[in-house]
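Visitor: Quick mapping for you: the protein sequence lines, in order, are chains W and R. Counting with the numbering used here, you get residues 1 to 120 for the letters of the first sequence. Counting with the numbering used here, you get residues 121 to 402 for the letters of the second sequence.
If you're looking for bench data, these hints aren't it; they were derived computationally from the structure. None of the values given here were measured: they were computed from a predicted structure. Mixed in with the good hints there might be a few duds.
As the list claims (entries may be wrong) - Cross-link-like lysine-lysine pairs, in silico, DSSO-like; alpha carbons within 27 angstroms at most: (1) W:K115 - R:K144; (2) W:K115 - R:K151; (3) R:K187 - W:K62; (4) W:K62 - W:K45; (5) R:K187 - R:K286; (6) W:K45 - W:K68; (7) R:K123 - W:K30; (8) W:K68 - W:K30; (9) R:K123 - R:K286.
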Amino acid sequence: MSETQADPERIEGTYVFDGAHSRRGYRLNKFFFSLNRAENRAAFKEDAEALMDRFGLSDWEKGRIREKDWLALAREGGANIYFMYKMGSVTGDSLQHIGAAFRGETLEEFLNTRKVQGAR
Amino acid sequence: MGKIIAGIGSSHVPAAGAAFDQGKQEAPEWKPLFDGYRPAMEWLREARIDVAIFIYNDHGSDFFFDKYPTFAMGVAESYAPADEGWGPRPLAPVPGDPEFSWHMAESLIRESEFDMTVCQELSVDHGLLTPLPMLWSHEPRWDIRVVPVAVNVVQHPLPTARRLWKLGQALRLAVESYPRDIRVAVLGTGGLSHQLHGERFGFRNEEWDRRFMDRIVTRPDELVELSHHDYMVQGGAEAVEMIMWLGMRGAMSSEVRLVHENYYAPMLTGMGLLLLEDTANS
Numbered sequence: 001m002s003e004t005q006a007d008p009e010r011i012e013g014t015y016v017f018d019g020a021h022s023r024r025g026y027r028l029n030k031f032f033f034s035l036n037r038a039e040n041r042a043a044f045k046e047d048a049e050a051l052m053d054r055f056g057l058s059d060w061e062k063g064r065i066r067e068k069d070w071l072a073l074a075r076e077g078g079a080n081i082y083f084m085y086k087m088g089s090v091t092g093d094s095l096q097h098i099g100a101a102f103r104g105e106t107l108e109e110f111l112n113t114r115k116v117q118g119a120r
Numbered sequence: 121m122g123k124i125i126a127g128i129g130s131s132h133v134p135a136a137g138a139a140f141d142q143g144k145q146e147a148p149e150w151k152p153l154f155d156g157y158r159p160a161m162e163w164l165r166e167a168r169i170d171v172a173i174f175i176y177n178d179h180g181s182d183f184f185f186d187k188y189p190t191f192a193m194g195v196a197e198s199y200a201p202a203d204e205g206w207g208p209r210p211l212a213p214v215p216g217d218p219e220f221s222w223h224m225a226e227s228l229i230r231e232s233e234f235d236m237t238v239c240q241e242l243s244v245d246h247g248l249l250t251p252l253p254m255l256w257s258h259e260p261r262w263d264i265r266v267v268p269v270a271v272n273v274v275q276h277p278l279p280t281a282r283r284l285w286k287l288g289q290a291l292r293l294a295v296e297s298y299p300r301d302i303r304v305a306v307l308g309t310g311g312l313s314h315q316l317h318g319e320r321f322g323f324r325n326e327e328w329d330r331r332f333m334d335r336i337v338t339r340p341d342e343l344v345e346l347s348h349h350d351y352m353v354q355g356g357a358e359a360v361e362m363i364m365w366l367g368m369r370g371a372m373s374s375e376v377r378l379v380h381e382n383y384y385a386p387m388l389t390g391m392g393l394l395l396l397e398d399t400a401n402s
């Protein structure tokens with residue numbers, strides 16, 4: 001199910017969220033999902049490591065979250081964007097910040113590709 | 121009996137909901153979007169719609185991957201705005217219609233063999249709440265009752281475009297077998313083109329969006345034939361949710377009239393609005 005170069009269904013720069021991804025990213029997405037609750041957002045801001053440990057994240061997952069390596073989390077970690085994007089509520093990163101990182105650009109570089117930069 | 125009066129396709133971009141709450145309706149970057157909804161809101165008010173069936177998706181707000189229904193529907197008295205990570209939107213809970221919803225569940229599951237997950241508690245996120253107050257008044261109280269129909273367009277395998285079309289047809293049977301005289305609008309939300317993850321983040325395709333909006337009215341059968349892969353290639357991975365517009369169109373008769381449309385693509389997503397009148401019922 002995971003994408004390979006030989007897969008005719010593969011779309012460049014795209015990691016279709018299928019069973020393999022969802023299985024791999026289960027704990028990670030559960031952790032992101034927990035940020036829907038105000039007490040967990042407060043707990044993250046208080047002690048991010050303790051909250052990540054509470055959700056049983058691996059050293060690799062914790063490392064990529066500390067580094068804000070959003071691309072690795074989506075590509076290798078099984079993070080779903082609708083869940084991962086909630087991290088912005090505790091780190092201050094907007095969807096555009098995350099997207100610029102996916103593309104290997106700065107926020108400013110990414111916004112320069114858009115028609116109306118204020119519509120966000 | 122129940123009658124389907126209108127069908128609506130609408131994007132559900134969360135940033136538009138935030139802009140709405142911040143009173144940015146006249147801000148230059150948002151005005152082309154909000155102005156585009158006003159004629160639809162006026163038309164719907166005059167059409168005296170009682171119930172809006174919302175074919176939408178949840179975005180990690182209420183449903184988690186521990187149990188992820190392909191099709192779920194609400195039968196609740198009301199639906200609270202979900203906390204999506206930034207606190208719930210400052211909107212009152214949206215009234216439901218339990219009697220009609222349970223009738224819908226009976227009809228969908230027993231007559232049409234659509235095996236819905238039936239929810240007595242459900243919070244609703246931007247998939248429903250972004251378009252809702254742009255189409256029906258929420259002050260001093262909501263001027264509409266809703267039935268949320270949540271579709272898995274997040275975790276593949278997803279239901280096919282054809283399945284959404286059949287869901288729409290089943291919704292029409294459910295509405296028309298309801299003994300009370302209620303006037304119903306069916307909405308499909310989501311899209312249009314956008315990709316929110318990976319190196320292809322920011323992908324958009326205005327030509328595809330405009331063709332899609334045309335075909336939804338004139339040749340929906342062409343859209344029903346397309347695979348998820350087709351939708352993702354043409355519109356971006358997250359644009360696969362556009363299949364929910366086919367649920368709306370499948371609920372309409374073959375006789376539809378285009379009342380109003382709008383399109384605005386300033387940032388990440390092609391934001392479309394389409395209002396159709398079901399002329400078989402007018």
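Visitor: Confirm or reject each hint.
Guide: Verification of the supplied hints:
no. : hint            : in the structure
1   : W:K115 - R:K144 : 18 angstroms, holds
2   : W:K115 - R:K151 : 14 angstroms, holds
3   : R:K187 - W:K62  : 25 angstroms, holds
4   : W:K62 - W:K45   : 15 angstroms, holds
5   : R:K187 - R:K286 : 24 angstroms, holds
6   : W:K45 - W:K68   : 15 angstroms, holds
7   : R:K123 - W:K30  : 41 angstroms, violated
8   : W:K68 - W:K30   : 17 angstroms, holds
9   : R:K123 - R:K286 : 18 angstroms, holds
Consistency note: the structure conflicts with earlier hint 7 alone.
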